[in-house]
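Trainee: Chain residues, written in single-letter form:
There are 2 protein chains.
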Amino acid sequence: MGQAELAGTVAVVIDVLRATTTITHAIANGAECVIPLLTIEQAREQHAAHPTTLLGGERGGQRIDGFDLGNSPTEYAPAVVAGKQILFTTTNGTKAMQACRAAKTIYIASFVNLTALCNELAEHETIQIVCAGTEGEITREDVLLAGAIVDQLTADAQPIDRNDQAQIAADAWQEAKTELTATSLAQRLKSSRGGRNVLRIGLEGDIEIAATLDKFNVVPRLDPSSWQIRDHRTTPQ
Amino acid sequence: MGQAELAGTVAVVIDVLRATTTITHAIANGAECVIPLLTIEQAREQHAAHPTTLLGGERGGQRIDGFDLGNSPTEYAPAVVAGKQILFTTTNGTKAMQACRAAKTIYIASFVNLTALCNELAEHETIQIVCAGTEGEITREDVLLAGAIVDQLTADAQPIDRNDQAQIAADAWQEAKTELTATSLAQRLKSSRGGRNVLRIGLEGDIEIAATLDKFNVVPRLDPSSWQIRDHRTTPQ
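Heads up: the protein sequence lines correspond to chains P and A, in order.
Take my numbering: the final residue in the first sequence is number 242, and no numbers are missing along the way.
Take my numbering: the final residue in the second sequence is number 242, and no numbers are missing along the way.
Everything labelled a hint here was simulated from the structure, so no lab data went into it.
Be careful, since some hints might not be right.
The list makes no distinction among identical chains, and a pair is therefore deemed to hold if it is satisfied within one copy or across any two copies.
[What the hints assert, rightly or not] Below 20 Å or equal to it, Euclidean Cα-Cα: the simulated SDA-like pairs (lysine to any residue) are:
no., residue 1, residue 2
1, K100, T79
2, K195, R167
3, K182, T14
4, K89, D73
5, K195, N168
6, K182, E213
7, K220, D156
8, K100, V15
9, K182, D156
10, K195, I165
11, K109, N202
12, K109, G207
13, K89, I132
14, K195, D166
15, K220, G141
16, K220, S196
17, K195, Q133
18, K220, N202
19, K89, A53
Could you build the full structure based on these sequences and the hints that come with them?
Mentor: The following block contains the structure:
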């Protein structure tokens, strides 16, 4: 989807494994804000100017040299992140956020805050869901969450219009939903492209965390003007 | 998917509504070959050089001025097409075929020849499925057929590897398959983007035809050297 199509819209960015899941953990665990940046250099420059910030993110799935934190949700524990500003850069997730910069508002989506997010999204008339994918290709873990969002919004009182991509995602989620157990979603995520990448670097536990539905009641929102992600209750609409 | 990725592969082109469904009708009904062309001008030039050919295709869903046939499968009846070479140009389908020109071989897929096609595809180790979509965007009717192909190939003895896009399509098809009746597939196709376009021009019957599983036992194949679509039994591998 091009910038032009996103101008002025309500965008929802999905990178289930792991950027948006990790950001949601950071915000839920009390980080003051997360600042998503495209490049390692940008993150290092901002950190040099603001030494109290934490540096977080990954390249090739691994923590970046000299960074305080990688891209595992478990690293973003309350004791570490509470009250902190976090400069954050990942391979696909922060690119997807950057691609949404013309949007009116940008929500950060994950399974761990699905219901809280959907309650907030229900207030908006039109929503553009942006899946980060991997190397420019759509991935199953992101499509499953997109489908879960479409499904949950449809379950509400009013029927909603969806384009074909939203319908395909909802179709795919129905298949996951029919046998949804504590471990079945994690199993599906493990077999996805993002999941296989995370398994390859030995972080299976991160996938199980990412598959935990509604662990948190926060809705991280990226403000296009301040370029900071905060819980939606603490940022102006 | 870029040309480079398709070089040397076995490609399967899908444009359920309606190009690949219509081509399958033409071949099943005895056309000597179908020649897919990008532009109206190319079709007219070739027709001028070979006046015994038939001109077929659409723009905006409608038959093109001066053409013999539009893009409805019903127009390609045996009495009309038997023994004929058909010059064929459509908005999305023939573009998708052109995008596959670097492939080793190119199959034309539709629900009306699903089983015959899958029997043939089972002979190949690696397959790239290319959905024509609409204006560059993936559409549900094409994804459903892609999923049906993945599903049918998986049902065979050997398990197959699929990338995430193939898995998403298979997920989406599972949802359609659980309640697959004579009319339920047509209903799904009608609500797809391609379906809504066909309904808009008053050709609901074309969608019902496109949703008829295994009407034919032919496998149209586009030979990248001769650039002709013929039944696979009559073209060299």
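Trainee: All hints, please: hold or fail.
Mentor: These are the hints, each one checked on the structure:
1. With identical chains, the CA atoms of K100 and T79 are never at most 20 Å apart, being 22 Å at best within one copy and 47 Å at best between copies.
2. In this assembly of identical chains, K195 and R167 lie within 20 Å of each other by CA distance solely across copies; the values are 14 Å between and 28 Å within a copy.
3. Taking the shortest Cα distances, K182 and T14 never come within 20 Å of each other, neither inside one copy (29 Å) nor across copies (35 Å).
4. In this assembly of identical chains, the alpha carbons of K89 and D73 lie at most 20 Å apart only when taken from the same copy (12 Å versus 70 Å across copies).
5. In the homo-oligomer, the alpha carbons of K195 and N168 lie at most 20 Å apart only across protomers (13 Å), although the nearest pairing inside one protomer, at 28 Å, exceeds that limit.
6. In this homomeric assembly, K182 and E213 come within 20 Å of each other (Cα to Cα) only inside a single copy, at 17 Å, whereas the closest approach across copies is 29 Å.
7. In the homo-oligomer, the alpha carbons of K220 and D156 lie at most 20 Å apart inside one protomer (19 Å), although the nearest pairing across protomers, at 34 Å, exceeds that limit.
8. When the C-alpha separation of K100 and V15 is checked against a cutoff of 20 Å, the pair qualifies only within one copy, where the shortest distance is 17 Å, while the shortest distance between copies is 33 Å.
9. Taking the closest pair of Cα atoms, K182 and D156 come within 20 Å of each other both inside a single copy (10 Å) and across two copies (19 Å).
10. For the identical chains of this complex, K195 and I165 are inter-copy neighbours only, at 17 Å across copies versus 31 Å inside a copy, given an alpha-carbon limit of 20 Å.
11. For the identical chains of this complex, K109 and N202 are neighbours neither inside a copy (32 Å) nor across copies (31 Å), given an alpha-carbon limit of 20 Å.
12. With identical chains, the CA atoms of K109 and G207 are never at most 20 Å apart, being 38 Å at best within one copy and 38 Å at best between copies.
13. In the homo-oligomer, the alpha carbons of K89 and I132 never lie at most 20 Å apart, since the shortest distance is 30 Å inside one protomer and 49 Å across protomers.
14. Taking the closest pair of Cα atoms, K195 and D166 come within 20 Å of each other only across two copies (15 Å); inside a single copy the shortest separation is 31 Å, beyond that limit.
15. For the homomeric pair K220 and G141, neither the shortest alpha-carbon distance inside one copy (29 Å) nor that between copies (37 Å) is at most 20 Å.
16. For a Cα distance limit of 20 Å, the shortest separation of K220 from S196 qualifies neither inside one copy, at 22 Å, nor across copies, at 35 Å.
17. For a Cα distance limit of 20 Å, the shortest separation of K195 from Q133 qualifies neither inside one copy, at 26 Å, nor across copies, at 23 Å.
18. In this assembly of identical chains, K220 and N202 lie within 20 Å of each other by CA distance neither inside one copy nor across copies; the values are 24 Å within and 42 Å between.
19. Taking identical chains as interchangeable, the C-alpha atoms of K89 and A53 lie at most 20 Å apart only when both belong to the same chain, with a minimum of 15 Å there against 73 Å between chains.
Of the numbered hints stated above, those contradicted by the structure are hints 1, 3, 11, 12, 13, 15, 16, 17, 18, listed in ascending order.
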